[in-house]
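> One-letter residues, chain by chain:
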Amino acid sequence: MDTSNTAGSAPRPVLEAPDIQRVLTRIAHEIVERARGADDVVLLGIPTRGVHLARRLSGKLRDITGRKQPVGSLDITMYRDDLRMGPARALGPTDIPADGIDGRLVVLVDDVLFSGRTIRAALDALNDIGRPRAVQLAVLVDRGHRELPIRADYVGKNLPTSLRETVKVQLTEEDGRDAVLLGDKATTPAGEQ
Amino acid sequence: MKRHLISTADLSRDDAILILDTAEEMARVADRPIKKLPTLRGRTVVNLFFEDSTRTRISFEAAAKRLSADVINFSAKGSSVSKGESLKDTALTLQAMGADAVVVRHHASGAPHRLATSGWLNGSVINAGDGTHEHPTQALLDAFTMRRHLAGAADGGPVHHRGPGDGTGRDLDGRRITIVGDVLHSRVARSNVQLLHTLGAQVTLVAPPTLLPIGVGSWPCEVSYDLDAVIPKSDAVMMLRVQRERMNAAFFPTEREYSRRYGLDGLRMARMPEHAIVMHPGPMNRGMEISADVADSHRSTIVEQVANGVSVRMAVMYLLLGGAVLPDTDAPIRNASEESK
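Protein chains in written order, with the numbering used here: chain X, 1 to 193; chain D, 1001 to 1341.
Here chain X stands alone, though its shape is the one from the complex (with noise of 0.2 angstroms):
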């Protein structure tokens, strides 16, 4: 995804580092509360900002419920319907806890819902692996634009956009502050679905 904006305004931030900590806290009661107890949850962060999210998730709710939960990760590069539209992508880490996924409440956790594609991908990659209870997704942007029946169960922020429009999330491990910008694309949209 493009984030440098030459022409057009400057990114403007829709959510600040205080707004990610208490989007992260309410996604995480929310999924103790629907999960009654998130007992047998397991977070699957989706590479590479998915990942962190999903590993403060699971601080968030070690502190609530006062227990460990699994966090792992999931590259999904491999089951990717766009494969075939650009040179090989480098494949990111794919960790899944020990104690695997089978019987589990499996919640996937990305930065930004846009087309759904990327969520197909990560079923199929999930249905190579085992055979969860039940999938769910958190997000932290929900910007539309849905290219597939599909839909998050935890949403940060709801973030109406155009396609003109690019949406880009920073974290503290990644970029080295946390954000989420609202861009105007640069006049060629390079490679973006």
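Don't read these hints as lab results, they were simulated from the structure. It is possible that some hints are incorrect.
Stated by the list, open to error - Partial chain D-side listing against chain X, Cβ under 7 angstroms, derived:
hint: 1; residue: T1022
hint: 2; residue: E1025
hint: 3; residue: R1028
hint: 4; residue: R1032
hint: 5; residue: L1037
hint: 6; residue: T1039
hint: 7; residue: G1042
hint: 8; residue: L1319
hint: 9; residue: G1323
None of these values were measured; they are calculated from a predicted model. The beta carbon of each residue, even a glycine, is placed where N, CA and C say it ideally should be.
Since the structure of chain X is already known, use the hints to place chain D on it.
For chain D alone, kept in the frame of chain X given last:
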């Protein structure tokens, strides 16, 4: 990355590390209940083998099948090649069948290069061993095995696999690798010297002078004739097979003498550093270049190398075939973090 894999000399340090890191992810697929990825669905990989091979062919076949590619095995025996068909006509046949990749092993050095550059084929060409020239995927799996054992710990000690120190993202800087035996006929040695040098390792070749190729002085490595002097300073010792089928002259007086001076037995192994590993690309001549107790010892990575071969070949096929079919470019691999959602 280029579109073909012909020689390890074509790989930059970043390319090589990308392949090894990708292989590390591929290795995890082997632990899953379903050892298959859908990535190369609808792609056709032809194993074109003009020379006998068991482990390399099976390894490529397993790798392609784990990535869901269709595999066609073609061995020269029992094909039209034995009726006199040329390499070109064989290539044109494969092209007409729509091969997306051709894995080629040939007794003539340079045959894969010819296939890749002649325009007979549109697909990627992967060298699976050509004559006495190169065997790049073997060198990659050797480097992968070394990195898992040697790269993680700062002191060069052994590291538990898949821990934080499994070597992902790292090279082999400063590791001392000794390659012993029939370097003259060894495509494995040639590919390894290039790749290990690219990854920052210090390579020493040990062989009788008759089994060193002309011009070895220009290779990026040291040469020694004294195995006992080198062994205590090695992080990994790779034994090469004495290739009797390629030997049409007397390269050493007797097999016993060769074995005594250049073979690895229990006594020599005991003088290796504590963390050092013993490697062999296979097939082994037990009792000749390596004694049975060494081959079966806990320091030997020989079986592990075979398992790693599948992961490394999956990585190579994914990186060459996983994306769009593009002309030869040095376009950078896209980073996972720069994706649209």
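> Work down the list of hints and note, for each, if the structure agrees.
Now the hints, each set against the structure:
no.: 1; hint: T1022; verdict: holds, 5 angstroms
no.: 2; hint: E1025; verdict: holds, 5 angstroms
no.: 3; hint: R1028; verdict: holds, 6 angstroms
no.: 4; hint: R1032; verdict: holds, 6 angstroms
no.: 5; hint: L1037; verdict: holds, 5 angstroms
no.: 6; hint: T1039; verdict: holds, 4 angstroms
no.: 7; hint: G1042; verdict: violated, 9 angstroms
no.: 8; hint: L1319; verdict: holds, 5 angstroms
no.: 9; hint: G1323; verdict: holds, 4 angstroms
Checked against the numbered hints above, the structure breaks only hint 7 and satisfies the rest.
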